[in-house]
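**Student:** Kindly produce the complete structure, drawing on both the sequences and the hints.
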Amino acid sequence: MLVDSPPEAPAAPAPVSPRRRQALRSAGLFASVAVLAVVAVLGIAVGAKQIPLDQVWHGVFHYTGTDTDVVIRDVRFPRTLLGLLVGAALGLAGTVMQALTRNPLADPGVLGINAGASAAVVTAISFFGVTSLSGYVWCAFAGAAAVSVAVYVLGGTRNATPVRLALAGTALTAVLVGYLNAVNLMDTATLDKMRFWTVGSLAAATMPTVTRIAPFLAVGAVLALLLARPLNALALGDDQARALGTRLTRTRVLAMVTVTLLCGGATAACGPIVYVGLMVPHVVRALTGPDLRWVLPYSAVLSPVLLVGADVLGRVVARPGELQVGIVTALAGGPVFIYLVRRRRMAQL
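In terms of our numbering, the sequence shown opens at residue 205 and continues consecutively.
None of these hints come from the bench; they were simulated from the model.
Per label pair, the in silico range of CB-to-CB distance: (1) Val-521 x Val-379: 34 to 42 Å; (2) Leu-257 x Ala-522: 19 to 27 Å; (3) Gly-493 x Ala-241: 19 to 27 Å.
Derived EDC-like pairs (lysine to aspartate or glutamate); straight-line CA-CA distance at most 20 Å: (4) Lys-253 x Asp-278; (5) Lys-253 x Asp-271; (6) Lys-253 x Asp-273.
We treat Cβ as the ideally placed atom computed from N, Cα and C, and that holds for glycine.
**Tutor:** As structure tokens, then:
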């Protein structure tokens, strides 16, 4: 009598060698840079007025003063460049925040950085009559830095833990948001000046704005990339990180300085733009794994793809006007945030 043998289990897929995995990651990073270049060109060419690619090239590299050249050089080129810088800054800041707090749903607003920058700008407008963007930049940095110090002190300085830092940041954010609402309600002139800035927009971008914030964002980006190894160790827990030689206090302080520089510069230039720093690191980790030596460069490339792409979309869907980029990212980020909460597996660091 013949007895049917049980079906054989499917063979497990062969593991990918480290060398091949690294080659795939490198290829993916180069492909991401190519996508970024395409999106940057679209950021200059697409808007209320469509500009052919040959005129885009002419306006950027062979400026002659025509109306089209003026639109490209003085309006769209600074706007796109600012979007690239701010997008990279938000992506790096979100990645560092999620690693520092060990919270997969953290974004740069968790430590109150955005709220601190916004509160400082509101204070400068309402009580000191500051109206220029250059004044906003320094006020936003001052507010972001003050909140960073306050969060670290409230979190326990040397005894600071991810939970304490997150709780301190959440408490300060609640207080600062209440202050913002109170000032705006009592001072309608401040509310009128702030209403576009608080939404988050690239529309007011100029080359002086780019040159003012670029050094701060560059320093923050370098610090973020240098923190990849210590933050990798920190993800294993304080005890294991300390056993691997990581200086916990120094790493956390440098991480907060990094987030302050990146978020302070981005918020000063464009206002608080949400969800970019939350969404992109999760997408990147799904592609590369949790190693921050890869997550950080990928986030620095793909975050500006999202931000500039959202800016282009906002110009297209609301012609001849435009939809601010902060609104577009919020509309896209809300469903993504809900998905990440429900699909906890994807949100794991």
